Structures are given as C-alpha cells and as structure tokens.
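Fit chain G to the supplied structure of chain E, relying on the hints for placement.
Protein chains: 2
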Amino acid sequence: MKNSHNMYLENIKVMDCTIRDGGLMNKWQFSDDFVRGVYNACVEAGIDYMEIGYLSSEKAFDRNEMGPWKFCHAKDLERIVGKNETKLKLSAMADIGRIELTDIPPASESVLDMIRVACYAHQVDKAIELAHHCMDKGYETTINLMAVSTVGEVELNEALADIAKSRVPVFYAVDSFGSMYNDTVSHLVNKYKNALPGKEIGIHAHNNMQLAMANTITAIQEGCTMLDATLMGLGRGAGNCPIEILIAFLKNPKYRLLPLLQAIQDHIHPMQNSIDWGYHIPYLITGALNQHPRSGMAWMDSDQKNDFVTFMRSMHDNELLE
Amino acid sequence: MKNSHNMYLENIKVMDCTIRDGGLMNKWQFSDDFVRGVYNACVEAGIDYMEIGYLSSEKAFDRNEMGPWKFCHAKDLERIVGKNETKLKLSAMADIGRIELTDIPPASESVLDMIRVACYAHQVDKAIELAHHCMDKGYETTINLMAVSTVGEVELNEALADIAKSRVPVFYAVDSFGSMYNDTVSHLVNKYKNALPGKEIGIHAHNNMQLAMANTITAIQEGCTMLDATLMGLGRGAGNCPIEILIAFLKNPKYRLLPLLQAIQDHIHPMQNSIDWGYHIPYLITGALNQHPRSGMAWMDSDQKNDFVTFMRSMHDNELLE
Numbered sequence: 001m002k003n004s005h006n007m008y009l010e011n012i013k014v015m016d017c018t019i020r021d022g023g024l025m026n027k028w029q030f031s032d033d034f035v036r037g038v039y040n041a042c043v044e045a046g047i048d049y050m051e052i053g054y055l056s057s058e059k060a061f062d063r064n065e066m067g068p069w070k071f072c073h074a075k076d077l078e079r080i081v082g083k084n085e086t087k088l089k090l091s092a093m094a095d096i097g098r099i100e101l102t103d104i105p106p107a108s109e110s111v112l113d114m115i116r117v118a119c120y121a122h123q124v125d126k127a128i129e130l131a132h133h134c135m136d137k138g139y140e141t142t143i144n145l146m147a148v149s150t151v152g153e154v155e156l157n158e159a160l161a162d163i164a165k166s167r168v169p170v171f172y173a174v175d176s177f178g179s180m181y182n183d184t185v186s187h188l189v190n191k192y193k194n195a196l197p198g199k200e201i202g203i204h205a206h207n208n209m210q211l212a213m214a215n216t217i218t219a220i221q222e223g224c225t226m227l228d229a230t231l232m233g234l235g236r237g238a239g240n241c242p243i244e245i246l247i248a249f250l251k252n253p254k255y256r257l258l259p260l261l262q263a264i265q266d267h268i269h270p271m272q273n274s275i276d277w278g279y280h281i282p283y284l285i286t287g288a289l290n291q292h293p294r295s296g297m298a299w300m301d302s303d304q305k306n307d308f309v310t311f312m313r314s315m316h317d318n319e320l321l322e
Numbered sequence: 323m324k325n326s327h328n329m330y331l332e333n334i335k336v337m338d339c340t341i342r343d344g345g346l347m348n349k350w351q352f353s354d355d356f357v358r359g360v361y362n363a364c365v366e367a368g369i370d371y372m373e374i375g376y377l378s379s380e381k382a383f384d385r386n387e388m389g390p391w392k393f394c395h396a397k398d399l400e401r402i403v404g405k406n407e408t409k410l411k412l413s414a415m416a417d418i419g420r421i422e423l424t425d426i427p428p429a430s431e432s433v434l435d436m437i438r439v440a441c442y443a444h445q446v447d448k449a450i451e452l453a454h455h456c457m458d459k460g461y462e463t464t465i466n467l468m469a470v471s472t473v474g475e476v477e478l479n480e481a482l483a484d485i486a487k488s489r490v491p492v493f494y495a496v497d498s499f500g501s502m503y504n505d506t507v508s509h510l511v512n513k514y515k516n517a518l519p520g521k522e523i524g525i526h527a528h529n530n531m532q533l534a535m536a537n538t539i540t541a542i543q544e545g546c547t548m549l550d551a552t553l554m555g556l557g558r559g560a561g562n563c564p565i566e567i568l569i570a571f572l573k574n575p576k577y578r579l580l581p582l583l584q585a586i587q588d589h590i591h592p593m594q595n596s597i598d599w600g601y602h603i604p605y606l607i608t609g610a611l612n613q614h615p616r617s618g619m620a621w622m623d624s625d626q627k628n629d630f631v632t633f634m635r636s637m638h639d640n641e642l643l644e
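Protein sequences, first through last, are from chains E and G. Its first residue numbered 1, the first sequence is counted upward by one per residue in my numbering. Its first residue numbered 323, the second sequence is counted upward by one per residue in my numbering.
With the rest of the complex left out, here is chain E (with noise of 0.2 Å):
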C-alpha cells in the first residue's frame, strides 16, 4: 500500500477547515464552545492547522448576519484559543476584495500563523498581491484557485505561471463543485507540479459523488502534501474529506483519531439535527453536472428538499437527463 511508503508521507500536513468551510452553512454562527470544542480536538489530535474561519472587513459584512468566524477578529480568536500557546497552527482564508490590507495586522501581534487566499483564475494577480502583503507581514500563506474545474486549459495556464513567479509556497487544487473524479485529481496535481516546480500542493476536495476521501487518496498518492478535512465532513452542501477517515488512513503516529471522535460525538453529529450537509441527492446532481452547489443548497432549504425528481427536472443544461 501507498501509504505504507513513508516518502509520501512524511511531509504531510493536515488542515481542519470544520470551521471555516462548515460556517457556509449556518453563516459562522457557531457557539464558543462548539469552536472550542473543536480547537481542542485539533490540538489533541496533533493536527498541524486549523482555519477557524475568514477574515473579512467589517465593511464587507453585516455582523447583525454574520458570525464571528465570518471575520476573525483577535478579540474572537483570543477568547478561544488564548494566545494559542500548542503545536497547533491557526488559519484564516481571505477572499479578494472582502478585506482591507490595513485590517490585517502583523503576524507577531496575530494568533493567526497562516493567510489563505482564495481566488477565481481571473483573480490570481490580485491573489498574489494580497499573499505576497501577507507573508511580507509575517504569515505563512497559500493560494487555493477555486471553481477550477470550469477553468479553460490556456486561462488555467496562465494562472500558473504566475503563480509560478510568485514567492507563495503552497498552491491548492481545490474542487469547489465536488465534480472530480480520480483521473481528474490526478491530471490536476501533476499539472501544478510541473508547473510550480518548489512549491508544495495541496488538495481541497468536497463530498458530492462520495468521493472526497478518496480524491484526498489519490491526491497524496501524486505528491500533494496539505490535506484539508474537516470534522464528519462538515462543510458546503456536500461538505468535505472527514479528516477522522484522513486520519484513520494515514496511520502516522503523530495524530490520534480518539479526540476527534471525542469532538464529534458532542458536537458535530448533534449538529446534523439542524444542518443538512453530506451526502444528499441534489448535491450529488450539482457535482455530477460541474455546477455551483448553490442551487442544490437552496433546494435543501426549501419544503421541497426530498423531491429529488422535480429537482433533477429543473437543472438546465442537463446532460444527466438526456
């Protein structure tokens, strides 16, 4: 096995997104304690980092909508982890255009040890821009290029040149619709490898065939080394790789899996009373078709959530149908 060859996988880092990628479907309106809870788990567990949510400009966002985690203010972020005195590294994920470069502080006055900026491939000089600010103020950063699946073969090379004369060291193939299959993961991740010669992969995958896990696989497999996961998977519609699946895979005797089991008997499968992230059919429909989950997540909002026929009826474009 793969995962026996110790080549891979020593450098493997695993990022807990629970909170950040969870927070799309309740608008980051976590309790402390469940934060907390899941911090502590983190840090237990001897995962190497934890995104705790986005930061955002107050600008950007009503706070009367939006939880705190929505922002990552140091007066939120100190309230959960104190001044974060653990092995654990802590993370935000920056949109472009939603935060002002004067609201990011320095590192040395930050909890936080690494800035994620996440970007469309039309984005990927102003996402340089912001990572290259970033790392110059001290933090750790990578650019995760999102939506790539609907990215055509000469925009998504030109994104990576540039990326390519950047100074960030980590760059992410990130499927934000759930719609890759192995082959997919594979072509991508060799793809940024040989483009990004230096620089470390890294694989963001979501839940919408069943498959995040196993991308995750074969991810690790073609060299990637930063793995994002999160807690049962807790993240947009389909949700992400259960990073207590990751972990149980990974064997390396640096994580425990008990504290996470521990943090998700309390506090993620209670959660499943009220959010309805995972494996559910519209999801499955917007992933097979490479769309935008937004229109499977409004379904599941909506009173109509278990007709999955009706819904299938009313995707346009849809090959599935045929």
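Note that these hints are calculated values from the structure, not bench results. What you are looking at is a predicted structure, and each value in this text was computed from that prediction instead of being measured. Please note that a few of the clues may not be correct.
[To be verified] Derived lysine-lysine pairs resembling DSSO-like cross-links, with alpha carbons at most 27 Å apart:
#1 E:K191 / G:K513
#2 E:K87 / E:K137
#3 G:K573 / E:K305
#4 E:K251 / G:K513
#5 G:K487 / G:K405
#6 G:K627 / E:K251
Same frame as chain E, now just chain G:
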C-alpha cells in the same frame, strides 16, 4: 477521463443489490410495494441485473423471523415481477450450506436468470460445485469470495487456481468489511485477472471509509465489468456503492438516472428514518480495523449508538488507539 474510453465501458453490467444486501439490515422484511418500486426502477433505468434476495432452504431459516426475500420462493418472485418480460435479469444469492440442491428449480421454470454463490476461501470447492450445479440447470452464475481482506496469500492463490479450472465465468472482488483502499482494489483485481484468464471480474464494495464509489471506479479502470451497487447505498452497515452515483458516472446511454431518483424519493430515502445504514462512525472503525461490521451493527442497534468514543475504546487489538 477514463470513463470516456469506450473500450472499458462497452462490457459493463450493473447489478442492483438493494433488496439482497439491504435485507441484511431488516431481515428482508420489505413490503411488496418497496420491492416492486425497486424492480420497476431497475427496469426503467436499464439496469442489467437485479439481485432480489437470497435462495435459502426453508429448513435453514425461520419464516417468522425472515422476510420472503431471504428465500426467493417462486410465488413471491412472481407476485412482484410476473414473468419478468423485461430486459432486466434477475439474480438471487446462495450461501454455501444454506440451500439444498434439490430446492433449486431448473432455470426454465424460474424467473431467476442468475444465481450468485457467496463463499469464504475455505469453501471455494463447494462453491464451484454449487455453481456448476446451477449452470447445469441453466442459470448464469458467479462466485463471490467474501472477506478476502483476511485471506492469506497462499490460501487465496489456491482458491484462484481452483476457480481458474472451473466453468464459472465470473469471479467477484468483494470488500466485505469496507477496509480496502484504491491500491488494494487495483492489486486484487489485477491478481484475479491474471489468475483467471477468460473470466470476467466483478466488484462489490462497502462504504465504511466512504470509498465504495471510488473503489468501484478503480475496479472499472482495472478492467472489472460487473458492478454491484444499491439505491442510496442501502446495504449492510455502511452500505454499498450508491447506484445513482455510479450511473451518473458511467454516462452510458443505455442507463437512465431519473427512475432511480424516483425510487429513492419514494422508497429508499424515507427508510432512513428507521434503518441506520450508511456512513456512521462505528462502521468507519470496523472498516479501518479490517473487521466484520457485526460489532458496529450491534452498537448502532443499542442505546449507546452515538457514544463513538466508548465503542472505539471497546474494540480489541485496536491499532487506531495507539
């Protein structure tokens, strides 16, 4: 993408096992309306085979405990499918020692087209004998070697040598415990192909680590042509490869997705309120430990079902606790 390579996919046959494998969760106590819904969906969707239950001797099980699909008596079959004047072929599974040869009618007098023989490695001789008997009575047959993840290499090689000499045309790679990763599936399918020239290989996956769909894709890519799947993955413990995801993946014009979604909507999804199949932490733990799911199923039937930590701690020889 490999699924655009018609050379792989021309010979693909999909086997719906919803009633047979799902019955392991409710002792085959399905209503006629439910079984008819699955049957009609398979017919309308263009599925190749439907496995409607087990062939068992009346002496082997109690009719008061087990529903009709544990026995597949002619009168029960015909109440659902009439003479089955459709393109859908019907299958039943036979376990070694649970059926008398004299109880099996000639295929010409049965609506069944196929009898699949399930066995453990030490029963391969008996399985070949039973399969030959069924072939002589006019049935298509397969042999499905269960729990291969616990079989030593020498014993497996001997079993394969016996299968190779038999007339049985199809041999199944079965991941009974849901413990296999993609490289194990690749290895196993290639081992079977090399040992069994001229025979077809099938795949039957379980979803303990959310890998059933991915492992089925891997098996296809390695040359498997008979694919087991069930509606919404309904099956023992964590369940099987979901047939709706598989059909969306195959993009073969002979299949239609919508009738499967209708059956899920009408019959399968509502059953989630009463049966806990699918991804649950106890099934992850048995799968990751390469153990039979029975301890996970017993836990899920208990009042402690959501106490994952205690279940984890209760498992013997638990390398995941190290």
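Problem set entry | Non-conforming hints, listed in increasing numerical order | 1 and 5
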